[in-house]
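Undergrad: The chain contents come next:
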Amino acid sequence: MSVKETSSNWEPKILVFACNWCTYAGADLAGLSRLQYPPNIRILRVPCSGRVNPQFVLRAFQRGVDGVLVAGCHPGDCHYVTGNYFTRRRFLLMQRLLEYVGLDPERFQARWISGSEGPKFQEVVTKLTEDIKALGPNRKLRDAQ
Amino acid sequence: MKEITLQMQELARELLQKGEVNVVLGWEKGTFWYLSPPAFVDKPEDVERLVYDDYCHHNLSKYLMDYRYQEGKVAVFLKGCDSRAFNILLEDNQLEREKYVLIGIPCPGMKDQEKAKEFGVNGDIPLAKKCQECKYPNPLVYDYFLGDKKAADEAAATKEAKAKEYSDVEQMEKMTSDEKYDFWSSQYERCIRCYACRNVCPACNCRECIFDQSRTGWIGKANNASENQFFALTRAMHVAGRCIECGECERACPMHIPIMLLNKKLIKDINELFGEYDAGVKVDGVLPLGHFDKNDPEEFM
Ligand code: SF4
Ligand code: SF4
Ligand code: SF4
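For the protein sequence lines, the chains are P and A, in the order given. Under the working numbering, the residue at position 107 of the first sequence is numbered 107, and the numbers go up by one with no gaps. Under the working numbering, the residue at position 186 of the second sequence is numbered 1186, and the numbers go up by one with no gaps.
It is worth saying that the hints were derived from the structure and are not from the lab. If you're wondering where the values come from, they're calculated on a predicted model, not measured in any experiment. No residue lacks a Cβ here, since even glycine has one placed at the ideal position from N, Cα and C. One or more of the hints may lead you astray.
Across the chosen pairs, the derived CB separations fall in these ranges [to be verified]:
no., chain 1, residue 1, chain 2, residue 2, range
1, A, Gln-1213, P, Val-81, 28 to 34 Å
2, A, Glu-1208, P, Glu-11, 36 to 42 Å
3, A, Glu-1014, P, Tyr-80, 51 to 57 Å
4, A, Asp-1148, P, Gly-76, 20 to 26 Å
5, P, Arg-42, A, Met-1255, 33 to 39 Å
All chains, full assembly: derive it from the sequences and hints.
TA: What follows is the structure, encoded as structure tokens:
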């Protein structure tokens, strides 16, 4: 976030971890279908939602994002068969832990979005951006605030 | 406990004299009456140093990691929580069972060292918090058992019947998000990142901890609330499902940070989300975050 940013022109920055096989394709489809969604998201492609470890999420908040979304294939559809089942356990726990240390729970989300769900991708990131806009900038866990 | 101390010394002498083990890990009296640090006894004539009293907090299983590439056997005394730590180290493939002679001892609970310091030798010193809540005071794995097994089992049964205690976690959960954040930031602002909590922890048994990997820069050198919380939350997630509630991290912390309040939150949630589970009780290769169930709760649709 730029130091010049003021509260009047603040726009949330949202990091989306998208799995290569489903959600990234879903985002691609949203684009190809000319579906409009807020430009606040930054997509980071990962091989599998199971690749996202707790450190990635924490580091994102440290470095100034206002929200994080981890998205991957629906359970049962993982390219690596079971990766997303581990993701589900890990982030069910982590979401509660982040809430426990005072982060607004809306700021960390996980979703299943398949390669054919372009409209769902649009819907999820639009909703997330709206929610985070309503919350305002995240100062918690920020490094060098 | 006097009697157990004598039995300990006797067995240690025997094992060393016969040459069955090279070293015996136990506890000895420290600088102050409320300290009983680990003792490493390798000569039969030194066994008199060994004690078992109200302050044998140190979890000795973690020290076995130092012997895993050495020739010969090692004997170690295990309380209930130490035996769960041994199991976790077995589970994580850090130790070979055959290399260690395990001497189980029932644990009546250890006394709070901080309170002891405060109240003095004649004061009425309460048990440490983790011991008040302990579900498994008796060793779960052993080759020898010292003391009266039957009496120890009966004492343990009454403890096990007691429901898990999470009132401190629940109280924390009730706070607003800003209150929680202020609480944890003020705690971790004090952390000096000495990593004592990690070094003492049996679940922290990685060959190279991510916090030591300076080139990848997982953690910054700056000591501030953000970096320190990154450390705390990452470590909490790493030991989730493997933390055996020995409370050693919190005891070792020189800054008195309530680390168990994080660990217990994760234990509570693991129990709620994925079913009843106590780490280090069984060695069956099934860890809460190392496997899954297709019917796990679904909140991410
Ligand atoms: S022992 Fe305490 S002060 Fe040291 S790193 Fe751990 S939490 Fe921080
Ligand atoms: S996190 Fe603390 S209580 Fe849990 S196993 Fe490690 S030292 Fe023991
Ligand atoms: S903090 Fe994590 S990486 Fe470091 S020793 Fe513990 S479990 Fe391993």
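Undergrad: State the violated hints by number, sorted upward, taking the hints as numbered earlier in the document.
TA: As far as the earlier hints go, only 4 is violated by this structure.
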